[in-house]
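J.: Kindly produce the complete structure, drawing on both the sequences and the hints.
Chains as they are written, first to last, in the numbering used here: chain A, 179 to 943; chain B, 7 to 171.
Hints were generated in silico from the structure; no laboratory data involved. Glycine residues also receive a C-beta, built at the ideal position from the N, C-alpha and C atoms. Treat the hints with care, since some could be wrong.
Derived list of chain A stretches under chain B, where covered just means 3 residues or more per stretch with a C-beta under 8 angstroms from a C-beta of chain B [what the hints assert, rightly or not]: (1) 201-211; (2) 376-384; (3) 575-583; (4) 850-860.
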Amino acid sequence: MKTRPQIVGTPLERIEDHRLLTGKARFVDDIHIEGMLHAAIVRSPVAHGLLKGVDTQVARRMPGVHGVFSAEDIARDFGGVVPRIAIRAIRIPELEPIEQWAIATKKVRYVGEPIAVVVADSPAEAEDAADQVTFEIESLEPVTGWRQSAAGTSPLFDLPVTNRAITYTAIKGNARDCQGAYTRKERFRVQRHSGFPMETRGLLAVWESNAQRMTVYGAAKVPFFARRTLAAAMRLPLDAVDMIEVDVGGSFGMRGEFYPEDFLVPFASKRLNRPVKWIEDRRESLLGSNHSREMESELEIVCEANGRVLALRGSVAVDAGAYVRAAGVIPGRFVALMLSGPYDIPNIHVESVLYLTNKAPVGTYRGPGLFEADFFRERLFDCAARDLGIDPVQFRRVNLVEESQMPYRLATLDFPEETDELDSGNYRATLDQCMREFGWQEKIGLQGRLIDGKYNGLAVGCFIDGGAGGLKEHARIELENDGQVTVYVGSASVGQGLVTILTQIAADALQLPVERIRILHGSTTYLKEGVGSGYSRSTVMGGSVVLLAVEELKRRMRDAAAKKLGCSPDEIKFERDLVMTAGEKKLGWEQLGSLGLAAEVEFVNHHHTFAYGAAAAHVAVDPRTGKVDLIDYFTLEDLGRVINPLTARGQAVGAAVQGLGGVFLENLYYDADGQLLSGTLADYMMPTATDFPSVRAEAIGLCPSPHNPLGAKGGGEGGVIPVGGVIVNAIAAALVTMKIDPKELPLTPEALWSLIQSADGRSSV
Amino acid sequence: MLVTLCVNGEDSTTDVLPRTTLVDFLRHSLGMTGTHVGCEHGVCGACTVIVDGDAVRSCLMLAVQANGAEIMTIEGLADASANLSPLQEAFHRHHALQCGFCTPGVLMTAHALLRQEPNASKERIREVISGNLCRCTGYMPIVDAIFEARSSYQPASPATRARGR
Chain A
179 MKTRPQIVGT
189 PLERIEDHRL
199 LTGKARFVDD
209 IHIEGMLHAA
219 IVRSPVAHGL
229 LKGVDTQVAR
239 RMPGVHGVFS
249 AEDIARDFGG
259 VVPRIAIRAI
269 RIPELEPIEQ
279 WAIATKKVRY
289 VGEPIAVVVA
299 DSPAEAEDAA
309 DQVTFEIESL
319 EPVTGWRQSA
329 AGTSPLFDLP
339 VTNRAITYTA
349 IKGNARDCQG
359 AYTRKERFRV
369 QRHSGFPMET
379 RGLLAVWESN
389 AQRMTVYGAA
399 KVPFFARRTL
409 AAAMRLPLDA
419 VDMIEVDVGG
429 SFGMRGEFYP
439 EDFLVPFASK
449 RLNRPVKWIE
459 DRRESLLGSN
469 HSREMESELE
479 IVCEANGRVL
489 ALRGSVAVDA
499 GAYVRAAGVI
509 PGRFVALMLS
519 GPYDIPNIHV
529 ESVLYLTNKA
539 PVGTYRGPGL
549 FEADFFRERL
559 FDCAARDLGI
569 DPVQFRRVNL
579 VEESQMPYRL
589 ATLDFPEETD
599 ELDSGNYRAT
609 LDQCMREFGW
619 QEKIGLQGRL
629 IDGKYNGLAV
639 GCFIDGGAGG
649 LKEHARIELE
659 NDGQVTVYVG
669 SASVGQGLVT
679 ILTQIAADAL
689 QLPVERIRIL
699 HGSTTYLKEG
709 VGSGYSRSTV
719 MGGSVVLLAV
729 EELKRRMRDA
739 AAKKLGCSPD
749 EIKFERDLVM
759 TAGEKKLGWE
769 QLGSLGLAAE
779 VEFVNHHHTF
789 AYGAAAAHVA
799 VDPRTGKVDL
809 IDYFTLEDLG
819 RVINPLTARG
829 QAVGAAVQGL
839 GGVFLENLYY
849 DADGQLLSGT
859 LADYMMPTAT
869 DFPSVRAEAI
879 GLCPSPHNPL
889 GAKGGGEGGV
899 IPVGGVIVNA
909 IAAALVTMKI
919 DPKELPLTPE
929 ALWSLIQSAD
939 GRSSV
Chain B
7 MLVTLCVNGE
17 DSTTDVLPRT
27 TLVDFLRHSL
37 GMTGTHVGCE
47 HGVCGACTVI
57 VDGDAVRSCL
67 MLAVQANGAE
77 IMTIEGLADA
87 SANLSPLQEA
97 FHRHHALQCG
107 FCTPGVLMTA
117 HALLRQEPNA
127 SKERIREVIS
137 GNLCRCTGYM
147 PIVDAIFEAR
157 SSYQPASPAT
167 RARGR
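T.: Here's what the structure looks like:
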């Protein structure tokens, strides 16, 4: 049979682009519904205090105001109890007492915590009235760091009595008793920062009292979980709640988790029986959307004299913020579970302690826990390699997991017990290819050299990128009577190009041109069940369920064709463009399109995928200013199978630049009173076009994952994971003569300059 | 207050509250939602539109300040039958957008730049576009796309003649 040229693996230009390029996209704030009201949230200006009373009387009388709701008003509708924001990822009973209330009740625990909701005819009127809500807060000692939290002088909750939310321990072998020729213990710290998509969060809730139905526009990432959570919190039947996914301006882990406003706005809509919209402003985003990354580690490495790592042991203190939100435990779990990264480390004992503080609650940010783990581990490796007089590349090479060791078991974590396996890979091959394409041999002569007043430094590091999280994904496929095939899938689009990727997969499987495939995704109206996007899952899980759906549709088409042609289904052969043949007999979709052939399937997967790779950097450091120029950065990742090299590379470059922001710029900085000092984009500095102009990336399909029919591995996060370790190792290599070993991020010019000033034997430049 | 202005070639007169920003006016009074709001404090550039030929942050300008102005928004960049302009096509080819939220502002900044400086160097493009934040792409493909689109803004170029624009 004549087959169509394969589309998977080709750089198909994105199907999504046209609307986005012409202003015809539909983000949640673009939706206008007649009679729609607008909400503004009154937020705590105090980090820690007893909430003695909220007075909404004046606000209620302000022009255009339809309603003002405090915790008291909300509790009245729910038997005296304010609903709480359920943990989505790895909920255990021990954590339930520290789930966040949808609105502050007796206490406020971070600046930005909701105290009241004001609903008015316009956003401006809602904000005017919000200013008139008064409240009394009796201040308590704010807890602004993990050490203060551990000291326990100012408990956030009555129960648990300490500020330790939970301690996870990752164990493998016997690291505690492990002895080797060389040991070194170091402290490292990563600062608080997060994803902050360009589109802030927002939602439009529409309560229809006649139908007793709630429809929420603006769902993202995990709409089906959001539906379950909202239905439970509002005590509505599941099928009375729908989440509609419109265009989403980025997630990076943050957007789409269930937040207090995801309850408060639908609640207001139901109480007022009017559609209510709320769009987060940037200050609210920086104050209250999930923060991430803030951790301090004390880790010890044990090696043989030849650089073979025998053990990693120590602890990580996670500043978790005021509550444990939807995915709040993930960074703290992953930093321990995946600390060993792509290396064969036989003995591991790492405790990860989540400390509660009076700061915004944390959640996931692209590469959660893995960015931090890579920074800690790769820095420690370079310190050890230098002490032992071993080339840092060689140090990595002798410790990488070998292809013959796959699947390779990682450490085991508790609460609940969890372990994981690296699924496949040739880790040395990607390290070698990365160095080759980076031009390591040509550049290594510059190592440590002072050129034009700047010290040059190079480093390379290796990483893993866990993907395909969540057990299932769901899809429904339909053969339309015009020969189009529509696939409804539970995966969500957060701007990553989901439609293009899934269309490519479906087009090959159906042998149809891309124009005849329609992918619809995310909304709960499409499917009974679904999961979404996150944990680098949408290509692997969404793509695999699309393949299953196509197989099932073909089986039904074959059965139907066999009936029409009077033969057995086994005799039917699929040609391209939905033409079926049995010997000389032939039949097209035209004869089947009116039958309403459709199928609903689920893909179940018990294994994570582990994409992996290596990244290399060349920096030049100006010792007079502490400014670092990134001369070249290259990151190479094996995605098992590359569906679209254009979008895969786009993910990697974009993620790498986000990582560079985390290394040099981005900092959610709190003062001792628990006030956020970086509450605008002028203070919270994201990378701009002039900051890092030399970032290159490549995605390859070298070792397919054995666990899914595509062989693909999740690839959205690998670009960000190695950045901290590689960049800071390159800076340390540049400044090796000054014996400078930066151990904290962000490495601002000021921070690096201070290190240079205080270094022994500093240069006289 | 009455505001009369011309948006993408169409004149309109509208009664607005004096405190309404230009971006809120475009989005909510005129229903042109292609222009986005990312920070409302003039840093991110998502709201960039072209006012009398210059790229302007419409979150920092009041609608009443634009009285009598000629304004171009993202909705005016493609032609009437929605064919992409060479600049938009270059963004598509170079994968210079992912979520697309910042894209209208980036395109407006780039369009104003190339109309004023059709020979802008890559460094110049990078410098000008540094006023627009993009969280997805890392900027490399954006700079490449704008650089490639320069030819369509150069007066005597065959590309311009062929498109007749």
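J.: For every hint, state whether the structure bears it out.
T.: Now the hints, each set against the structure:
no.	hint	verdict
1	201-211	holds (count 8)
2	376-384	holds (count 3)
3	575-583	violated (count 0)
4	850-860	holds (count 3)
Violation of the numbered hints given earlier is confined to hint 3; every other hint is satisfied by the structure.
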